[in-house]
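Colleague: Below are the chains, spelled out letter by letter.
There are 2 protein chains.
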Amino acid sequence: MLSGNTAIAQITMTKSDDAHLIETLVHSETLADGSFLKARRDTVRLPDGRNAEREYIVHPGAVVIIPMLDDGRVVLERQFRYPVDRVMLEFPAGKLDPGEDPLACAIRELQEETGYVAGQWAYAGAMHLAIAYSTEIIHIFFARNLQAGAARLDSDEFLEVRTENIAHLTQVCRDGGVTDAKTLTCMLWLQNVVSGAWSLDWQNPDQRPAA
Amino acid sequence: MLSGNTAIAQITMTKSDDAHLIETLVHSETLADGSFLKARRDTVRLPDGRNAEREYIVHPGAVVIIPMLDDGRVVLERQFRYPVDRVMLEFPAGKLDPGEDPLACAIRELQEETGYVAGQWAYAGAMHLAIAYSTEIIHIFFARNLQAGAARLDSDEFLEVRTENIAHLTQVCRDGGVTDAKTLTCMLWLQNVVSGAWSLDWQNPDQRPAA
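So the protein lines, in turn, are chains A and B. Using our numbering, read the first sequence as starting at 991 and increasing by one per residue. Using our numbering, read the second sequence as starting at 991 and increasing by one per residue.
Treat each hint with caution, since some may be false.
Copies of the same chain are indistinguishable here, so a pair counts whether it falls within one copy or spans any two.
Stated by the list, open to error - Here are the simulated EDC-like cross-link-like pairs (lysine to aspartate or glutamate), alpha carbons at most 16 Å apart as the crow flies: (1) K1005 <-> E1067; (2) K1085 <-> E1147; (3) K1028 <-> E1154; (4) K1085 <-> E1099; (5) K1085 <-> E1102.
If you are wondering where the hints come from, they were derived from the structure by calculation, not from laboratory data. Because the structure is a prediction, the values reported are computed rather than measured.
Could you put the whole structure together from the sequences, leaning on the hints where they help?
Modeller: Take a look at the structure:
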């Protein structure tokens, strides 16, 4: 599923001559062991040989889904996000369970949170959410041929499902009505897919070979 | 500076009838008090009256800059990001000092990290980076009329300054060569500004009224 990313290894990934940039682990200790947040404090060796500390969240990874309705609208959620103290408009997303395949997670989260089941899926790419202090990677999926159904929210989840016209949603992003970075990153994908600039490889999940 | 966001308050912001979504603070305690990461564990009252825990990073806020050269290229950085264990291609960014004005921070960070000084600045908007577990907001600025100079990196900063053609950079984003969510969000802004779909209010910082 990630094979589409190999072509760019020479751009993002660490190169053989990047020793002047790379930090290496010296020592690692637990900084926080919450029920949700796990944080570590690592001592690292800097490129110049000195030591420094790096504190970061250890995250299991996540998925976000861009669900496209047949009439051109997309499906989003309104959800109160406690850390930023406001109701946010965002694409459906969720954390990977241990060992879970990202597509399986996307299928599960879309149905649990919105009730929709998609006939076709496409893997778009990945984003790293907070590179200064989190290991989190979010896999971006598109979903289409959607059929509505009943959501099955976790007992502590409270959200509203919304559908939005893409042109209007783009204006909302410009005007500050969407400030969630994962959703804004999805909008970059959505805009380029809708314009035809970026193509997707749509798959029926039942026919998809195992990752 | 943030006045452009008021028009969308009815979309993102909490509405008077959002009581079925909102969580309220019951009790707060320190989860981690690192030298960089500060985390809290709050007990909150859910919309249905039960309690739950929310663990999150307390972040001072940050800026990211999209520096546009006169020849149409943009300025980025290659920097090793320890939590994701790779060299990342990203727009210049940095944390707000206590009480610092976001534009002052953007001017400072651009010069410190890349050496460039901009003749004109435009505030684009904001993103919330990791809404599930961080208070972080990143203010997005465009900079132009750039003049090159010498960078002044912190003693533990090691990075390379890069310039990229926007069309090529867009392909790199599609192909996975940029996975940093703040940079991908900036690409949504850059693409729409370059196309003329979204406009900016350019200002000379010396003439800008105090925020």
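Colleague: It remains to establish, for every hint, whether it holds in the given structure.
Modeller: For each hint, the structure was consulted:
In this assembly of identical chains, the alpha carbons of K1005 and E1067 lie at most 16 Å apart only when taken from different copies (15 Å versus 40 Å within one copy). Proximity of K1085 to E1147 under the C-alpha cut-off of 16 Å is restricted to the intra-copy arrangement: shortest distance 14 Å within a copy versus 31 Å between copies. Taking the closest pair of Cα atoms, K1028 and E1154 never come within 16 Å of each other, the shortest separation being 35 Å inside a single copy and 36 Å across copies. Taking the shortest Cα distances, K1085 and E1099 sit within 16 Å of each other inside one copy (9 Å), while across copies they are farther apart (33 Å).
For a Cα distance limit of 16 Å, the shortest separation of K1085 from E1102 inside one copy, 13 Å, qualifies, whereas the shortest one across copies, 36 Å, does not.
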